[in-house]
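Protein chains: 2
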Amino acid sequence: MTAKKAEPQLHARPAGPAEAPSAHGVEVIPLGGAAEIGKNMIAVRSGDDIIVIDAGVTFPGADLPGVDLIIPDFAYLIENAACVRGIVLTHGHEDHIGALPFLLKRLSAPVYGTALTIGFARERLDEHDLLDRAPLHVFEPGQRITLGSIEIEPIRVTHSIPGTVSLAIHTPVGLIVHTGDFKVDHTPVDGKPFDAARFAQLGDEGVMLLISDTVNAEKKGWVPSESVVGKVFDQHFGDADGRVLVTTFASNIHRIQQFLDTADRHGRKAVIAGRSMIRNIRVARELGYLKYPDELLITVEEMDEYPPRDIAILTTGSQGEPLSALSQISRDSHRIRIRPGDTVVMSSTPIPGNEDAIWRTVNRLIRLGARVFYDLLSPVHVSGHANQEELKLVLSLTRPLYVVPFHGEPRMMQAYTDMVTAMGFDPDRILWLDNGDRLWLDGVDAELRAPVPTGRVLVDGISAGAVSDAVLRDRRHLATGGTVVVTVALDESTGEVLDDPQIVSRGFLHPEETDGLFEEAAELVVQALEELRSGGGIDDENAGTVAKDTVSRFLRRRTGRRPVVVPVVMEV
Amino acid sequence: MTAKKAEPQLHARPAGPAEAPSAHGVEVIPLGGAAEIGKNMIAVRSGDDIIVIDAGVTFPGADLPGVDLIIPDFAYLIENAACVRGIVLTHGHEDHIGALPFLLKRLSAPVYGTALTIGFARERLDEHDLLDRAPLHVFEPGQRITLGSIEIEPIRVTHSIPGTVSLAIHTPVGLIVHTGDFKVDHTPVDGKPFDAARFAQLGDEGVMLLISDTVNAEKKGWVPSESVVGKVFDQHFGDADGRVLVTTFASNIHRIQQFLDTADRHGRKAVIAGRSMIRNIRVARELGYLKYPDELLITVEEMDEYPPRDIAILTTGSQGEPLSALSQISRDSHRIRIRPGDTVVMSSTPIPGNEDAIWRTVNRLIRLGARVFYDLLSPVHVSGHANQEELKLVLSLTRPLYVVPFHGEPRMMQAYTDMVTAMGFDPDRILWLDNGDRLWLDGVDAELRAPVPTGRVLVDGISAGAVSDAVLRDRRHLATGGTVVVTVALDESTGEVLDDPQIVSRGFLHPEETDGLFEEAAELVVQALEELRSGGGIDDENAGTVAKDTVSRFLRRRTGRRPVVVPVVMEV
Numbered sequence: 001m002t003a004k005k006a007e008p009q010l011h012a013r014p015a016g017p018a019e020a021p022s023a024h025g026v027e028v029i030p031l032g033g034a035a036e037i038g039k040n041m042i043a044v045r046s047g048d049d050i051i052v053i054d055a056g057v058t059f060p061g062a063d064l065p066g067v068d069l070i071i072p073d074f075a076y077l078i079e080n081a082a083c084v085r086g087i088v089l090t091h092g093h094e095d096h097i098g099a100l101p102f103l104l105k106r107l108s109a110p111v112y113g114t115a116l117t118i119g120f121a122r123e124r125l126d127e128h129d130l131l132d133r134a135p136l137h138v139f140e141p142g143q144r145i146t147l148g149s150i151e152i153e154p155i156r157v158t159h160s161i162p163g164t165v166s167l168a169i170h171t172p173v174g175l176i177v178h179t180g181d182f183k184v185d186h187t188p189v190d191g192k193p194f195d196a197a198r199f200a201q202l203g204d205e206g207v208m209l210l211i212s213d214t215v216n217a218e219k220k221g222w223v224p225s226e227s228v229v230g231k232v233f234d235q236h237f238g239d240a241d242g243r244v245l246v247t248t249f250a251s252n253i254h255r256i257q258q259f260l261d262t263a264d265r266h267g268r269k270a271v272i273a274g275r276s277m278i279r280n281i282r283v284a285r286e287l288g289y290l291k292y293p294d295e296l297l298i299t300v301e302e303m304d305e306y307p308p309r310d311i312a313i314l315t316t317g318s319q320g321e322p323l324s325a326l327s328q329i330s331r332d333s334h335r336i337r338i339r340p341g342d343t344v345v346m347s348s349t350p351i352p353g354n355e356d357a358i359w360r361t362v363n364r365l366i367r368l369g370a371r372v373f374y375d376l377l378s379p380v381h382v383s384g385h386a387n388q389e390e391l392k393l394v395l396s397l398t399r400p401l402y403v404v405p406f407h408g409e410p411r412m413m414q415a416y417t418d419m420v421t422a423m424g425f426d427p428d429r430i431l432w433l434d435n436g437d438r439l440w441l442d443g444v445d446a447e448l449r450a451p452v453p454t455g456r457v458l459v460d461g462i463s464a465g466a467v468s469d470a471v472l473r474d475r476r477h478l479a480t481g482g483t484v485v486v487t488v489a490l491d492e493s494t495g496e497v498l499d500d501p502q503i504v505s506r507g508f509l510h511p512e513e514t515d516g517l518f519e520e521a522a523e524l525v526v527q528a529l530e531e532l533r534s535g536g537g538i539d540d541e542n543a544g545t546v547a548k549d550t551v552s553r554f555l556r557r558r559t560g561r562r563p564v565v566v567p568v569v570m571e572v
Numbered sequence: 001m002t003a004k005k006a007e008p009q010l011h012a013r014p015a016g017p018a019e020a021p022s023a024h025g026v027e028v029i030p031l032g033g034a035a036e037i038g039k040n041m042i043a044v045r046s047g048d049d050i051i052v053i054d055a056g057v058t059f060p061g062a063d064l065p066g067v068d069l070i071i072p073d074f075a076y077l078i079e080n081a082a083c084v085r086g087i088v089l090t091h092g093h094e095d096h097i098g099a100l101p102f103l104l105k106r107l108s109a110p111v112y113g114t115a116l117t118i119g120f121a122r123e124r125l126d127e128h129d130l131l132d133r134a135p136l137h138v139f140e141p142g143q144r145i146t147l148g149s150i151e152i153e154p155i156r157v158t159h160s161i162p163g164t165v166s167l168a169i170h171t172p173v174g175l176i177v178h179t180g181d182f183k184v185d186h187t188p189v190d191g192k193p194f195d196a197a198r199f200a201q202l203g204d205e206g207v208m209l210l211i212s213d214t215v216n217a218e219k220k221g222w223v224p225s226e227s228v229v230g231k232v233f234d235q236h237f238g239d240a241d242g243r244v245l246v247t248t249f250a251s252n253i254h255r256i257q258q259f260l261d262t263a264d265r266h267g268r269k270a271v272i273a274g275r276s277m278i279r280n281i282r283v284a285r286e287l288g289y290l291k292y293p294d295e296l297l298i299t300v301e302e303m304d305e306y307p308p309r310d311i312a313i314l315t316t317g318s319q320g321e322p323l324s325a326l327s328q329i330s331r332d333s334h335r336i337r338i339r340p341g342d343t344v345v346m347s348s349t350p351i352p353g354n355e356d357a358i359w360r361t362v363n364r365l366i367r368l369g370a371r372v373f374y375d376l377l378s379p380v381h382v383s384g385h386a387n388q389e390e391l392k393l394v395l396s397l398t399r400p401l402y403v404v405p406f407h408g409e410p411r412m413m414q415a416y417t418d419m420v421t422a423m424g425f426d427p428d429r430i431l432w433l434d435n436g437d438r439l440w441l442d443g444v445d446a447e448l449r450a451p452v453p454t455g456r457v458l459v460d461g462i463s464a465g466a467v468s469d470a471v472l473r474d475r476r477h478l479a480t481g482g483t484v485v486v487t488v489a490l491d492e493s494t495g496e497v498l499d500d501p502q503i504v505s506r507g508f509l510h511p512e513e514t515d516g517l518f519e520e521a522a523e524l525v526v527q528a529l530e531e532l533r534s535g536g537g538i539d540d541e542n543a544g545t546v547a548k549d550t551v552s553r554f555l556r557r558r559t560g561r562r563p564v565v566v567p568v569v570m571e572v
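Chains as they are written, first to last, in this note's numbering: chain Z, 1 to 572; chain V, 1 to 572.
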C-alpha cells in the first residue's frame, strides 16, 4: 500500500493537467501534531495570507530530563510574520493553546476561539504578562471570520472540554475541513451535541481536504457519551458509606459538572482541591459553562463539620503529578487525609508515560485504606476522541477529495489508513504529512513542496531558553553515571604538578567506596602528567585531556562504570 | 474491610487458644515479590530448616538512572546461611531466577527445578563463572524432595514458559501451596496441561495456606489458551505476501514452537535474530522442550536466496529494548532490512514502563513500510497469568485456611481480596504481607512477627556494587539540571584568591549561553571569598561552601535553573 508514505503516493497522484501546477492554490503546513500526539499547530497559507490553527505544547518523557515543555519551532511563522492574519484555536486544551504565550512573544496577531477557549488562553497570557500582545476575539459556531483571503467557520463538535470546534476553512481554491479533536456525542452534558448536519452540508458544497483526528483510530466502535459517566458517579456516590474523592483532568468541565450535580443529588457537600481545578472552575463558571448553587461548595476546613457520608472531594492529580493534591494526599502530606472507608474514583485515563506515577498513587491510596476505582474496574471515564465508527461517519458526511490523518502517531495513521481504505477511499488520496511538509492544493491536485524549517523546541526553566541536544546528551550521561571532577594545579612556568590532584564526585559511588579509588586515580594522573611534561610540552589543554582519559579508563576498569569525567586545570 | 492491611486483620485473627502461640510452627517470609511485581523470593522456615523459593531480579524504571538490576536484600539468608537447605525454583523467568548468581556468591545451597528451569539457571551461573558454587538438581512434577523437616512437591502448571511448577510445601504443622506464576491452560502447546486434580487432592488433605499469583486479579474471565496464538499466526503467515517477522519474549518456548510450526506449515524458512533468542532455542531444544527439523532454520545470509513469501523471521525486541534485533531493524541499522510488504507481528504485551520504547519501535517499522500487528489490532498474544476465574478455581480446589495474595501491587491485592471475599472467603483470613514480614503459622492461627531486614539492592555496572539512595538523588538532580564545577585556588598561607575561579559545566546550558554568565559568577565568587578572608578565617571548607552558594544563587536568579554545583578548592 503506497498510501503510507506521503512521498510515494504524491508522486503517484491522480493525473492532472500536464503543465506546472497552477499558481492559484493553498498550502497546508503542519508545524506540530503531524505523525505525533501533542503540540498541535497548522499553518494554512493562501498567497500572502497565513492563518495559524492552534499553538500547543506537549510534555516531555523521561528521555528529556529537566525539560519542562516542548513547543513547535516557530521559525516559518516568524519569517512570515507580516502574513499572519490570525491565530484560530479549536479548544482550550494545553496541547492546542499552551504554546500561545511563546508564540505571541515572537509575533502579534489576533486570536480567535470560543468563549471558554479564549477564557483559558487569557489566563495563560496573563500568567506570562502578555495580555497586551494581541487582541482576543470570541466567536460562536456558525459565525464566519474573514482573515485575508481565507474564511474560517467554526463548527460545533463534542470533546472532553466544552466550546470545542472543528473548522471549515474556506479558501479561494476550495474547502478544507479540519476536525481538530472531537468525538460524536449526541447526548453531551451541556445539551450541545456534535453538529453532524453542518458536516453533511459542507460535504454537499464539496470538501477538497479533510484533516482528521486519528488518536483513537485503532479502537473499534463508538466512544460512549460523556453523560454515561454521571450514572457511574451516581452508583459510587450511592454505594460509599464514607467520603468520595474524584480526580479528573482540571479542564474537563463536563466531568466537573457531573461531579457537582452528583454530589448535590446525593446531599454531599463538595470540596475542591488543587490550584488548576479551582482556577478552571472559576473561569468556567464566570463564562456560564458551569452551574452550581453557591452553598454546594465548602472549604477543606469546613469539611470536618460534616459526616464523611455527606462529603465529596474533587482533586487534581489524575496523572499522578507529584505536586498535585491527590499525589500529596496519597503520601499523607496534605490537609485532606485518607481514612479507611474513603472511596477514590480515578475518572481519567493515563496519558502515555504517566502509568508508573499513577499506579504508585493508586497503590499508596489503597495502603492508606481507600477503596480505589479506576477504568480497569469500573467505567469511570470515557475518551474525548472519536473511535473508528465516528471517524468513518465524518469521512462519509464530508466526502473529501483528499484526507490527511492528523494528531496521531504512525501506528494510528496506519489504522486510519486501513479503515478508510476498507471504506473504499482511494489510498492515493490519503496523504501522510510530517511536520514542516508543505501540502499544496489547487482544488484538483495535491503536491508536496520543499518543507519549511520545523522541529521541536525544548523549554527549560523560567528563562524559557531552548535546550540543545548536546546538553541533553550530557544530562542523560550524568543521570546514568554521575560525575567525577579531577582538578590539577600546574606551575604556570614549569608545568610541574603542584600538590596532589583533587578528585570529587556526585552521583557516582558512595563516598565510602571512592576514597581509596580516588587516591589511586590521583597517583596515576600525576604519573601521566609527569610523562607528558618530560615528553615535551604540557599545557592546560593536553593536561586536561590526559587527566580525563586517565581517570575515565581507570574507573571503567575498576568499577565498570562510566561517569562524566570533568577535568579542571589551574595554572598558578 | 480490614482485610486490606496485614496488621489490623492479624490483630483481629480468629480467636485461638489464649496461651502464647505454640513453638511448633513455620514462618513464611517474603524477601521479594510481596506487594510488588518482580524479584520473587520467599523463605519458608521450620525450626532450623530454611528453604528459599525463587531468586528473582526486576528491572529499574526511569526513576533509577544507571541502575541495571534490582535484587532482593539477602541479609536474612546470609545471617542464617547455615540453615538454608535448598533453593527451589518454580520456573525459568528472570524475575524468578535472575538473582541466583548474586545469591550463590553469598551462600551455597543445592538448587532444584525442572529441566528447563535448571537449564536456564545453568546458563546464568555459567556467565558469572559460578557453576561450582552449588549442585543443580532436576526434579519432575510429583517428585517429592526432602529438605530438612520440609518436603517440597512440584505440581505441573501452565505459564508462558515450559517446565513451570506450583509448589506443595509439606511442613510439620501443615501444608502450604504456593502457586507461583500460573494460568489454567487445558490445551497447552506441549500437551502438558494444568494439573487441576492434584490441587483438588491437596485441598482434600487440607491446605493451611495458599500463596496465590495476583498479577491479573483485576481482569475478569479466563485467559485464552496459548494454542490460540498459533491460529492467529496461521492467519498472518497466510495473508502476508512478503516476509513475516515475529517478535516475542525469548523465554516463551511455547510461542517459539508455534512460530516454528507455523513457518513450517506455510513453507517458510525460519531465521532467528537476537542473541538471547538463539541461546534459549539451543538450550530448549537440547533439553527436548523444542522440536523442529534441522532444515527449517536458515541464516540471515541465506535469506536472500528465497523469495520473501518463503521467509519467517523470529527476533528479540518485543519490549523495545534499544540494543535488541528488532529495535536495530526499526532503525534500519541491522542486516535484516525492512522492505514495504513485510509484516511484523508483536506477539507480546508491554511490560509496564516499556510502552514508550515499544511504540517508538512500532512507529519506526511502519515508517519503513511494514504492516505491524499488535494486541490492540489482532489477538497475537495471550497472558501467562491467571485471570479472575482461574484464580477462583485454585482457591476453590485448595480450600485453604489462609490466603496470601502475592506477586502483585496493592491494586491487584485489592482486586484479589474483593474477588475472594465475594466468594465467601473470610476477609480476616486474607493476609497482606510486605517484604520482610514474618508470617507465623501453626496450622490453626496466623501471626505477624517482627520483620526481618529486607529491601531492594540496586545493582549497577559489572562491579555489582549496590547504589545508595544519596547517589541516586544526586543522579536525578544531575539529570534535570546538569552540573557546574567552580574551582578556586587559594594561597596556602595567606588565603588570597590566586587567579580567577574557573567555572565549567556539563548538561547545564549550551556553552554559547554560559560564557558571560560564568564570568559574572566568577567575579561574585572572588568578592565573596575576599569578604570571607577579611571577615576572619578562610579555609578550604568554608571557601567551598561560599563558592558553591554564591554560584547556585546567582545561576538560579539569572536562569531559573538549579544545576548541581560542585566546588573545588585548591590550596597551593
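Certain hints may be false.
Intra- or inter-copy, both count: the list cannot distinguish identical chains.
Claimed, not checked - Heads up, simulated DSS-like pairs for lysine-lysine below, C-alpha to C-alpha not over 25 Å straight-line:
#1 Lys269 with Lys291
#2 Lys219 with Lys269
#3 Lys269 with Lys192
#4 Lys220 with Lys231
Calculated directly from the structure, the hints in this document are not laboratory data. None of these values were measured; they are calculated from a predicted model.
Verification of the hints:
For a Cα distance limit of 25 Å, the shortest separation of Lys269 from Lys291 inside one copy, 15 Å, qualifies, whereas the shortest one across copies, 66 Å, does not. Taking CA atoms no more than 25 Å apart as the test, Lys219 paired with Lys269 passes in neither setting, with 38 Å inside one copy and 34 Å between copies. Taking CA atoms no more than 25 Å apart as the test, Lys269 paired with Lys192 passes in neither setting, with 28 Å inside one copy and 58 Å between copies. For a Cα distance limit of 25 Å, the shortest separation of Lys220 from Lys231 qualifies both inside one copy, at 23 Å, and across copies, at 22 Å.
Of the numbered hints stated above, those contradicted by the structure are hints 2 and 3, listed in ascending order.
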